[in-house]
Structure formats: C-alpha cells, structure tokens
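> Protein sequence lines correspond, in order, to chains A and B. Under the working numbering, think of the first position of the first sequence as 1, with each following residue one higher. Under the working numbering, think of the first position of the second sequence as 1, with each following residue one higher.
Do not rely on the hints blindly, as some may be mistaken.
What the hints assert, rightly or not - From the structure, some residues in chain A lie toward chain B, with a derived Cβ separation under 7 angstroms:
no., residue
1, Met1
2, Phe4
3, Gly31
4, Val35
5, Pro89
6, Ser97
7, Asn105
8, Ser236
For the record, the hints were derived by calculation from the structure and aren't laboratory data. Model, not experiment: these values are computed from the prediction. Ideal Cβ placement from N, Cα and C applies to all residues, glycine included.
Here is how the chains run, residue by residue.
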Amino acid sequence: MRPFRYQRAGDLAGAMTMLAQAPNGTYLAGGTNLVDLMKLEVATPDVLVDVRRLVSDRIEELPDGGLRIGAAVPNSDLAADPRIRRRYPVLSQALLSGASGQLRNLATTGGNLLQRTRCVYFQDVTTPCNKREPGSGCSALEGYDRELAVLGWSPACVATHPSDMAVAMAALDAVVRTQGPGGERTIPLTGLHRLPDQEPERDTVLEHGELITAVDLPPLPLAARSRYRKVRDRASYAFALVSVAAALEVVGGVIRDVRLALGGVAHKPWRATRAEAALRDAPATRESFRGAAEAELAAARPLPGNAFKVPLARNTIVSTLLDLVEQAR
Amino acid sequence: MEITLRVDGTRHRLVVDTRTTLLDALRERLGITSAKKGCDHGQCGACTVLLDGRRANSCLALAVAHQDAEIVTAAGLAAGEEPHPLQRAFIAHDAFQCGYCTPGQICSAVGMLEEVRAGWPSAVSDPDADEVVLDEAEIAERMSGNLCRCAAYVNIVPAIAEVAGR
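One chain only, chain A, in its complex shape:
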C-alpha cells in the first residue's frame, strides 16, 4: 500500500475543503473495496478523508411516501429494514445476495454504488487495463472474459459493474443525492454510472470531491411485489454472472406496469427499458416475457467466453417474471 494521509473533518463542508485541496485524494467510508484496492495498489490515493460519520446513517420517510437512505447506512441495516422489506423487497433481496455478513456490516450505501469492477485484469497491476491505466489497452478483449459485459461495452473496456444493490435501485427509479464543491444535485440512479466509451476510467458522472449523501426511493406501489434473482457460480458469496431485478403489476392477466433491470451484463446497472416497453399492456404470459427479454438482448454483443450470458439473462428474466405472476395468485 502507498503511504497516505488520513483526515477527518468536523462537518461535510470541511471534508469537501480537504478533498478539494487533494487532487489525488478520495473519500473513505466502509472501505471494504477501497482498502482492498489500495493493498493491490490499484487505488493509490495520497489522502483519505473519512466521511463515514459525516453523512446520515438513517432511513427516513419522505413526505411523498418514499424513503431517503443516508449514504452511510450499512448494507446490512438497509437489507433488514422492515420498510424496505415490505415496500421494496427487491432491494433487500439484492443486498442479501451480495458479499458476506461481515462485509455487509462494514459496507455503506454510498460505497456500494461506487465499488469498482471485479474484472481480474483491473485488479492485477501487472496487466494492461484501460480502466486502471488509461491508454494501456484491454487485456480482457483477448483474455478471460467469462464474467464480463455483453451489453454497452466499448473496445476500450468490457468490465461489468459488480453491485447487486445498484441493480435493484435502478429498477426502483431511485435518485442519488450528492453534495460537492458546486453545491447539491440529484442524479437518477440510472444516470449515475457511465458506459465505458472512450473513458472507462470514469465509472460514474461524479466530479472530484462530489459526495453521495443519500439515495431516495420514490413511492412505487408495484414494488411491494418485486424480486431479485441472482445467478452465479456458487450458491452464496459470489458475484453475479447475471442478475434480474423486477417488479410487476398485473391486472386481469394484463401487465399494467413493470420495472426491470439487469446486473452482471454491463458497465452499469442495466435498466431494461426496451423490455419494459414491450411488456406494458401485454398479456402476462411466458411468451410475452420471452419476447420482451429478446427485445432487450437483441443489442447484446457477447465475447468469446461469455455468450452463455445472453440465453442465461433471457431465461432469468422469464423465470423471475413468472415467479412474480405466480406470487400474485
């Protein structure tokens, strides 16, 4: 690990000033991903500004019936919260399907969103990687690509975003609240993470020193019937090959409304808008679900080692939606 200065401020404004003065510094919260990347010397900040105690660790009711999740809420508390489990079960399930009990206790909501890809080349400083070292090349394009992207990738980077929580939040129309040198702003969760394009080193649209302070979940009655399905190599404690977050409202056998997002397939949590459009007002049948999944995945460009992800994603979408129809009976 490279040497760094550890700093704590009395308030958020102080923390922002500290980071503004440290162009190679970064914020520290739970540290479960950052400290690991520092050990690997993938991350080499010279200043860490600890913000774990400066941002909210509470889940609060919003006047519109939604919930505000403080950025320092641990993943374990968020998954266990009775309001989340009742109103947004897909989010609780997504969190519980990720990492381990120990890691969920340390990891925060904001940090979960900002975790980096687990592409093996990104984590191995002896290999070229455009995300870690812009311009050095992508080792995965001619290497081990089994776990990598099938949608939205660029010749510069085929990494996937590893979060389960973010996939559920993408399906739930969540909104990220940030505070930075330029003031406060809100970003739809689906707009927080970027596709790699020519700048795979930038995972998100956040500027240096901009801090996630909370995530808002809007009221979404159909989310009371929602579900997260994760497919992986082990039954527990493994990243997704493919995951599906879905919420479904069916009236008289017809789909009135739906939310659908995919994980493990792209550089960002993938909101399946094409599938959603195909599903609205369609009969809630296996055929509709399959057709919608195929519409979404028509744009997929699998790599030599991960072509299995396309039928796997299709089948997981279909089975998750069928489960939700069954649950409603």
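Starting from the known structure of chain A, arrange chain B on it as the hints suggest.
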C-alpha cells in the same frame, strides 16, 4: 498517527502508520493473535472480529478509522476461565481440523446469532415469514463469509445449531 484502540475490554495507546489495518494492529502491534490473517482481502473471514457487537473483516478496516469502536476478538469472548458457549460447542462437535479459521468462525457465529435475534433475514429466508428458522441452509448462507480449507463445515454447522437452539 497516535491512536487508541479498545480491544477485549482493554484500552491500548499506540502509534501506527495510517496504512495499518485493524488486523495488523491487533496481531503485530498488540500481540493479540486470535484474529488470523488468511487472504488479507476480505474473502476468507479468518480475521473476523466484533466491532461494536457486529462481525466485520478486520483486514479491510483501517486501524485509524476505528478508534472509537469496542473491538472484541475470539480471545475476549470467554468469561474468565469459562469458554463462550460457541467455543465449547466447537470443541464438543470437533468443528475444526487445523483450527486456523476457528477464531474467525466463532466471532462470526456470535455476530450472526445476534443478527438472527434482531430478526435480520438472509438470502435464503422466506421473505413473507416474520421469524427466522435457523436451519442448516440458513446457517450455511449466513456463515458463507467464513471459509474452512479443512472443510469442517459438517461439524461447524451442528455446533452453531446447538448453541442457536438453546
């Protein structure tokens, strides 16, 4: 940096490099070696300790960031000469072979049983059930962050189940 750590009921003042993990501070600086270094990347659980009562990987925690926490290691679980019930159960069930992962397993199980008492669900819990039934599948899922290279799982699970059932 000069820091204070509270470990197993005792306060320690020490000067550490900011890069020192909580695990290295415990083992290398304070001589508290019950927390073990396995992978050092948060993947094996051998370094598990309780931070303010919650299980956590001490290899991913920076010592400077956890000065105000109450840290409990497996060595601090016993009440005097009386081993913790989970420690007794691990012995009774022969829930280890080499023993390297055992302190982490036991700290993790202590934290896990608290989580169950608090009503926390797991990935294998019935979403519609109000109470957790801690069967084998639940224990395996909840303990998946603790690897045992000797594969003593067949005895670890019953050891934990016995204590949970009391």
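> So, for every hint listed, does it hold in this structure?
Hints, one by one, checked against the model:
The closest approach between the C-beta of methionine 1 of chain A and any C-beta of chain B is roughly 5 angstroms, which is under the 7 angstroms cut-off, so the hint is satisfied. Below 7 angstroms, beta-carbon pairs count as interface contacts, and phenylalanine 4 of chain A has one with chain B at about 6 angstroms; its hint therefore holds. Given hint, glycine 31 of chain A at the interface with chain B, holds; its Cβ is 6 angstroms from that chain's nearest Cβ, closer than 7 angstroms. At its closest, the beta carbon of valine 35 of chain A sits 5 angstroms from a beta carbon of chain B; the interface hint therefore holds under the 7 angstroms criterion.
Contact between proline 89 of chain A and chain B, as hinted, is supported at the beta carbon level, the nearest pair being about 6 angstroms apart and thus within 7 angstroms. Interface restraint check: serine 97 of chain A against chain B, minimum CB-CB distance 5 angstroms, threshold 7 angstroms, status holds. Of the supplied interface hints, the one on asparagine 105 of chain A holds, with its beta-carbon coming within about 4 angstroms of a beta-carbon of chain B, less than 7 angstroms. Residue-level restraint check for serine 236 of chain A holds (minimum Cβ-Cβ distance to chain B is 4 angstroms; threshold 7 angstroms).
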